[in-house]
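> Here are the chains, one letter per residue:
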Amino acid sequence: MRVRVEGLTKFFGKNKALDNVSFEVADRAFTIILGPPEAGKTTTLKILAGLIKQDSGKIFFDGEEITDIPPERRNVRMVFQSFALYPHMTVYENIAFPLKVAGVAEAEIRRRVKEIAEFLKIEKLLDRLPHNLSGGEMQRVAIARALAKESDLYLLDEPLVNLDYKLREDMRAELKRMQRELNKTIIYATPDPLEPLAIGDYVIVLNKGKVMQTGRTMDVYENPENVFVGKYFSVPPMNLIEGTLRRKEERVIFESEGFTLDLTEIKDRMTHVPSDAIIGIRPHEIKFSMEKIEGGIKVKTILGEVIGSDTIVHFKLGETLVKVFVPRIYRLFGGEDAWIKIDPKSVYVFDKRTEKSVLKRLSKNG
Amino acid sequence: MELKRLVVWIALAIYIVWVLFPIYWTINSSLKHVWEVNAIPPLWWPPKPTLKNYIWALFSERAGKSLINSLIVSTGSTAIAVFLGALAGYYFSRYKMHEGIFWWLLTTRMFPPIIFAIPIFLMFKYMGILDTHLALIIAYVAMNIPLAVWLMRGYFDEVPIEVEEAARLDGLTPFKTLWKITLPIIAPGVAATIALSWIFAWNEFLLAYILTRNVAFTYPVVLPTEVVSSQVFYNRMTALSAIALLPSIIILLLFRKHIVRMYVLR
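Same order as they appear, the protein sequences are chains Y and L.
Taking my numbering, the leading residue of the first sequence gets 1, the next gets one more, and so forth.
Taking my numbering, the leading residue of the second sequence gets 1001, the next gets one more, and so forth.
Treat the hints as calculated values from the structure; they're not laboratory data.
Misleading hints may appear alongside valid ones.
Said to hold, decoys possible - Have a look at the derived ranges for each label pair, beta carbon to beta carbon:
1. Y:Pro236 - L:Ile1101: 47 to 53 Å
2. Y:Pro37 - L:Asn1203: 48 to 54 Å
3. Y:Pro37 - L:Arg1094: 35 to 41 Å
4. L:Ile1101 - Y:Leu321: 22 to 28 Å
5. Y:Pro37 - L:Gly1100: 26 to 32 Å
As the list claims (entries may be wrong) - In silico lysine-lysine, DSS-like type, Cα no more than 27 Å apart, as pairs:
6. Y:Lys231 - Y:Lys184
7. Y:Lys100 - L:Lys1180
8. Y:Lys316 - Y:Lys267
9. L:Lys1180 - Y:Lys149
10. Y:Lys356 - Y:Lys231
11. Y:Lys208 - Y:Lys231
12. Y:Lys53 - L:Lys1180
13. Y:Lys100 - L:Lys1176
14. L:Lys1096 - Y:Lys14
15. L:Lys1096 - Y:Lys208
16. Y:Lys149 - Y:Lys53
17. Y:Lys16 - L:Lys1096
18. Y:Lys248 - Y:Lys341
19. Y:Lys287 - Y:Lys341
20. L:Lys1176 - Y:Lys149
21. Y:Lys149 - Y:Lys176
22. Y:Lys316 - Y:Lys287
23. L:Lys1180 - Y:Lys114
24. Y:Lys53 - L:Lys1096
25. Y:Lys360 - Y:Lys208
26. Y:Lys208 - Y:Lys356
27. L:Lys1176 - Y:Lys53
28. Y:Lys16 - Y:Lys210
29. Y:Lys149 - Y:Lys114
C-beta: ideal position from N, C-alpha, C; glycine also.
With the sequences and hints as input, model every part of the structure.
Next comes the structure, spelled out in structure tokens:
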């Protein structure tokens, strides 16, 4: 099902939860709404489901406006962040409930619940009550209940947030497999930028109730339109350095306190050259070495965060704290000499006044 | 340490005797003949136990009918108060914007009932419903609604809104969601609210005394009136008391867990 949202605005009291939100979701795609807490992700999903009424704006399912249709007649399935299982019903009854309401015959309900329970590997839990389940089990039951009744639109609200790290990785892969098998439209809200990168076909980045950017996941990742998307949709977050851009004859030089960078190489990609600029560099795009790099910049380390077999090295570039991702272990204590090199082609340039990107899109879209 | 325990046990023992003695004396007296009740020295157990006081309490024109009246009035007022209380409690739980009204509603329970008794009497007299079951039911509904709203709101607060939203998406209308999902989840709370409202109406004396006379009188009104010429029938009174105690004891035992929780948490 195609979903189109036009100018959604929603206030909770004086607090504007959604501010003129518009986007489109492609049929049978896995679309991720990415944003920090309070961005309006849950509100958006609940408005799509009809559980919250927007103050203004319209929603279209397959081109048909459904703004005034109550939730029980929209046939949208949703997995809630808190799972929202019926505490007084067994797992079987929870999964069977939407079918029972729909008036499906008892034998058919039994067959369907069994099938879904097998699909999600929860056959052994069917007689239990929700409070006897672990977080991962509850999550599966919540998904099972959502899947029990067929629909063209599934909404998942941070379904992995309440799970521990290992389980989250497994479930993420499983969700992607599930979406391929279901072949239905899924909209999935998450605060975790890893998730669109891992499983999303499309991404909608929200912040403070506003759409920051939408598009194909890799397109958005490679062409952040503003500082927020650059920084947030990046793991670890993008390094941002404030400074000024100067034209010197044919050259364009970025200058920050105690740090300059020649950006002439990407001059042609800039729509204009703002004098006050913010440049962004992803931590893994910076070349790092403990030995001297020809044409590199010498820096003093502050510390090294070892994560698995990688290290995130902190150092100061001029006055700005910068982090670099190094795919090996460096046990650093701070104060060591090191060299870095920045490839201008990997640098993002934003106008400081508008916080918007001044770079033209890269043509090689993923 | 041992001494401390001993002191605690003795204190508890005294307290238990203090609390249970009146009940013991009620039962003791209810099995006596009228001339044995005030015997000196007191009779700690009736020499010839008799059930005739209980037969009087259950089947006599006045006492038996008062118990039936009490049953009708308690049950009727509880049904209405809990139904309305559930609806209002649901509203106050889900839409937090009317806290003012909620608190105002609660304060109506803080006033001495006698303040309202006279205007209620005058109103009911004007309406011509004095000495009817309806009069007492209306009065008790008014008094029980604040309690019912307060308790039900607390129980509804414990059901996450998302559980109801899930039910909406599973195909239920708002009213069916309340009926098929939310109320079953808080069924123990509803039962406890019913129990407390019922006990309140069952125990009420003041309004019953003022609003009834020869028809709708309840047992608390009859209880202190069993006086014939200069003879006070304490034995009959205590038999009626013992019977009247029963429902409260049964209800409290059944809902002990929920009622304790209610008082501890709120």
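> The structure should be examined with respect to each hint, and the outcome stated for every one.
Structure-based check of all given hints:
1. Y:Pro236 - L:Ile1101: 47 to 53 Å: At roughly 51 Å between Cβ atoms, Ile1101 (chain L) and Pro236 (chain Y) fall inside 47 to 53 Å, so the hint holds.
2. Y:Pro37 - L:Asn1203: 48 to 54 Å: holds (51 Å)
3. Y:Pro37 - L:Arg1094: 35 to 41 Å: violated (23 Å)
4. L:Ile1101 - Y:Leu321: 22 to 28 Å: At roughly 53 Å between Cβ atoms, Leu321 (chain Y) and Ile1101 (chain L) fall outside 22 to 28 Å, so the hint is violated.
5. Y:Pro37 - L:Gly1100: 26 to 32 Å: holds (31 Å)
6. Y:Lys231 - Y:Lys184: Outside the cut-off at roughly 31 Å; violated.
7. Y:Lys100 - L:Lys1180: holds (12 Å)
8. Y:Lys316 - Y:Lys267: With a Cα-Cα distance of about 26 Å, the restraint between Lys316 (chain Y) and Lys267 (chain Y) holds, given a limit of 27 Å.
9. L:Lys1180 - Y:Lys149: holds (19 Å)
10. Y:Lys356 - Y:Lys231: Distance ~12 Å between Lys356 (chain Y) and Lys231 (chain Y) Cα, so the pair holds.
11. Y:Lys208 - Y:Lys231: holds (15 Å)
12. Y:Lys53 - L:Lys1180: Within the cut-off at roughly 23 Å; holds.
13. Y:Lys100 - L:Lys1176: This hinted pair holds, its Cα atoms lying about 13 Å apart.
14. L:Lys1096 - Y:Lys14: Since the Cα atoms of Lys1096 (chain L) and Lys14 (chain Y) sit roughly 15 Å apart, the hinted pair holds (cutoff 27 Å).
15. L:Lys1096 - Y:Lys208: This hinted pair holds, its Cα atoms lying about 24 Å apart.
16. Y:Lys149 - Y:Lys53: Holds, at roughly 24 Å.
17. Y:Lys16 - L:Lys1096: holds (18 Å)
18. Y:Lys248 - Y:Lys341: This hinted pair holds, its Cα atoms lying about 22 Å apart.
19. Y:Lys287 - Y:Lys341: holds (5 Å)
20. L:Lys1176 - Y:Lys149: holds (19 Å)
21. Y:Lys149 - Y:Lys176: holds (19 Å)
22. Y:Lys316 - Y:Lys287: holds (15 Å)
23. L:Lys1180 - Y:Lys114: Satisfied, since the Cα-Cα distance of roughly 24 Å is no more than 27 Å.
24. Y:Lys53 - L:Lys1096: holds (17 Å)
25. Y:Lys360 - Y:Lys208: holds (26 Å)
26. Y:Lys208 - Y:Lys356: holds (17 Å)
27. L:Lys1176 - Y:Lys53: Between Lys1176 (chain L) and Lys53 (chain Y) the Cα gap is close to 20 Å, so the pair holds against 27 Å.
28. Y:Lys16 - Y:Lys210: The hint holds at about 10 Å.
29. Y:Lys149 - Y:Lys114: Measuring from Cα to Cα gives roughly 13 Å; hence the hint holds.
The earlier numbered hints that this structure contradicts are 3, 4, 6.
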